[in-house]
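First to last, the sequence lines map onto chains C and B. Numbered according to numbering that gives the first Met the number 0, the first sequence spans residues 0 to 330. Numbered according to numbering that gives the first Met the number 0, the second sequence spans residues 0 to 330.
It should be emphasised that the hints constitute simulated quantities derived from the structure, not laboratory data. There's no promise every hint is true.
One copy or any two copies: either way a pair holds, since identical chains are not told apart in the list.
[Stated by the list, open to error] Cut-off 27 Å, straight-line C-alpha distance, at most; resulting in silico cross-link-like pairs (BS3-like, lysine-lysine): (1) K75 with K33; (2) K183 with K27; (3) K96 with K235; (4) K33 with K183; (5) K235 with K27; (6) K323 with K235; (7) K183 with K235; (8) K183 with K46; (9) K235 with K75; (10) K235 with K46; (11) K323 with K27; (12) K46 with K33; (13) K46 with K323; (14) K323 with K96.
There are 2 protein chains.
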Amino acid sequence: MTEPRFDIVAVGNALVDVIAHADDAFLKRQGLHKGAMQLIDAGHAVKLYGAMGPGVETSGGSAANTLAGMAMLGCKCAHIGQVADDELGRVFAHDLKSVGVEFQNAGRANLDPTGRCLIVVTPDGQRTMNTLLGASAQLRPEDIDHDLIRAGALLYLEGYQWDASGPRSAMRAAIDTARAAGRKVALTLSAEFCVNEHRADWLALMHAGQIDILFGNAEELLALAETDDYEAAVAKISPLVPLLVATHGPQGARAITRDARAEVPAAPVDQVLDTTGAGDLFAAGFLTGQARGADLRTCLEMGAICAAECISHVGPRPQVDLSKLVGPLLP
Amino acid sequence: MTEPRFDIVAVGNALVDVIAHADDAFLKRQGLHKGAMQLIDAGHAVKLYGAMGPGVETSGGSAANTLAGMAMLGCKCAHIGQVADDELGRVFAHDLKSVGVEFQNAGRANLDPTGRCLIVVTPDGQRTMNTLLGASAQLRPEDIDHDLIRAGALLYLEGYQWDASGPRSAMRAAIDTARAAGRKVALTLSAEFCVNEHRADWLALMHAGQIDILFGNAEELLALAETDDYEAAVAKISPLVPLLVATHGPQGARAITRDARAEVPAAPVDQVLDTTGAGDLFAAGFLTGQARGADLRTCLEMGAICAAECISHVGPRPQVDLSKLVGPLLP
C-alpha cells in the first residue's frame, strides 16, 4: 500500500450557486419549503430564476465546498464531479483549482449545461435550494479515475450525488476501489429527502462495513433511523459506523466512535447571514482535524469554527483565511 | 413632444464582473496598475483568470450599475448594451430585468462571448479592473431602438463604451435622436485612459452643446482639461456643459451649473470593502434626485449616500434597499 498523495478525494455534484435574497412571501408564492433542497427541471429553473431578484454566482456543490475549505486549511484534495464545457463549468473548475483542489472532469460532448443551484436567502439567513443538476447527473462509472481514488487517504461521498443512476454506479465503483486499496470511506447524508430515497442502499452499505465516517444533521439522522427521537436516532445509527459525526445547527455537534464520544456547542456568530454551506464547512474543519491527527473534540471545534465563518457571509465558500481561525487548535 | 416613458435610457457596456481578492504582490506579479481599468484580450483574460483566486460573479457594467440603483430608487430605466446568447449574457439580462430595468439586446448570431470584467480587490478595498469586452464591443448603430431613445427623458452614455467603433457610431446616432426629440444627454467620462483616447471627440460634443450633464472624477477631469490643477480643471470644464458633476472620492463631490454650485463631503463608511461601482452608484443617486426635482445639494447628498452603500460591500450593485437610505432626502 503506497502512501496516499491526497488527504481526501471526493465525488460530488459540480454546481454553481445562484444566490438571491427574498422574503418569506416569495417562498410562499413560489411554493418553496424554507430550508429544504429540491431538485428541479429546466422548465422550473427558468421560471424560478425569472422570478428571483438579482443574483450573485459563486461555485458551490456540497463536497466541493468541503474541499475548498480543506484546501485552504492545507489539506491535499481532489474532486470528481461532472461539469459541461460552458462558462459555468469553467467557473466551477477555476474556483476549485485556484484554491489548490485537483479537478479534472472537464466537459465532454453531449452534456446538459453545467448544473446550478438557485438559492433563495430569506432575512433570517436560511437558504432554500433549488437544484437543476444538469451535467452533474451525467457522471458515469467510466469517469472515475481509479488511480486517483487509490491516491486518497479518504474517499468522501456526497449523498446528493447518489440521486442519479450514473453517479450512483460511479460512487459504488469508487467505494470498491477505495476499500480494496485500504482507504477509508466517508458519506454525508446531504438531505432528509436523500435519506428517504436511499435509506435501504445506505444502511446496507453501513451494515456491510463500507462506510467509515458518516456525517448527518438532526433531520437526516431522524430520517435514517425512522424515529422522532434524536437521542434514539443517534443510539441506533452510531453502532453502524466506526465514526458518526452528528451536527445539530445552533445546538452544537457530537462525534461518536466505538470507544469515545465528544460534544461541542456551536461556535458563536455575530450575525447569521446565509447558512448555505454550513454543513459542508463543518465537515471541512472536522476532516482537516482528522487528517492532522487531532482528537475528536478538537476536530469538532474546528468544524464548528469553519461553519460559523461560513454562515456569517453570503456564499458557501470561505471568505477569510480559515487557517488563521483554526490553526491554533491543531496539534 | 410626448411625455417620456423612461426617466433614463442608457447605452453602456454589458459586462459580468468576476471579483476575486488578492494582495498587492499579486497586482505587481501580474503587472496591474492598482485602481485602473484596462482592456484585455481573450488570451490575457485566460491567463489572468487562471492566476486569480476563487471568484464571485455578479452583473456589472458602469451604466448598468447606475440603472440598477436608479430602478431600486423608483426610476423608470432602460438599458442598451450587447450580450451574447450565453450563460453570462442571461445572467446580465436577468439581473437587470429582475430590478425592473428594461433590457432588450439579447444575443444574436456570430457574437463573441458576453463581456466580462476581471476585478482584483486588494485589502484596502481598491479595485483593479481588467475588461474583456467580448460581445459588448459589437453593439451596432442598427441595434439602437430610436423609439426607446425618444422615450427617455435622459440619454446616459458610458464613456467606456466609446472605445469600439460600432458602439461609438451607435452612441452618436443615439445622441442625434435624443437631441432631435428634445431630450437631455449625459456623459460619464468613465476612466482617465478613455479621456486620453477620446478627448477631442468629447470636447467637440461639449462645444457643440450636445452634452447637458457631464460626470467625471478628479483624474478624468484633470485629463480632460490637460492640467495638474484640480480647481483649474473644474474651472475650464464647467463652462462647457450646463451641469458638471465632479466627484473626488473621499474628498466629496460638487455640482456646477451656469448659475449655481453645491458641494458635499463623502458620506461616512464604516469599512471600505470594495470601491467597484462607487462612481456608478453616485450617478444613480444624483440622477434620481434630478429626476425627482431635488435641488443640487440634495442630488449630491443622494449620490454620496448611494456610493457609500456600494463601497461597504463586495460587488457593484446595491445590496440594501437604497430608497430607505435616500428616501428621507427627497422633496
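Quick rundown of the hints versus the structure:
no.	hint	verdict
1	K75 with K33	neither (35 Å within a copy, 33 Å between copies)
2	K183 with K27	neither (43 Å within a copy, 43 Å between copies)
3	K96 with K235	neither (40 Å within a copy, 51 Å between copies)
4	K33 with K183	neither (34 Å within a copy, 47 Å between copies)
5	K235 with K27	neither (36 Å within a copy, 57 Å between copies)
6	K323 with K235	neither (37 Å within a copy, 52 Å between copies)
7	K183 with K235	within (22 Å within a copy, 73 Å between copies)
8	K183 with K46	neither (42 Å within a copy, 37 Å between copies)
9	K235 with K75	neither (34 Å within a copy, 60 Å between copies)
10	K235 with K46	neither (42 Å within a copy, 53 Å between copies)
11	K323 with K27	between (41 Å within a copy, 25 Å between copies)
12	K46 with K33	within (18 Å within a copy, 41 Å between copies)
13	K46 with K323	neither (42 Å within a copy, 29 Å between copies)
14	K323 with K96	within (21 Å within a copy, 41 Å between copies)
In the structure shown, a violation is registered for the earlier hints numbered 1, 2, 3, 4, 5, 6, 8, 9, 10 and 13, in ascending order.
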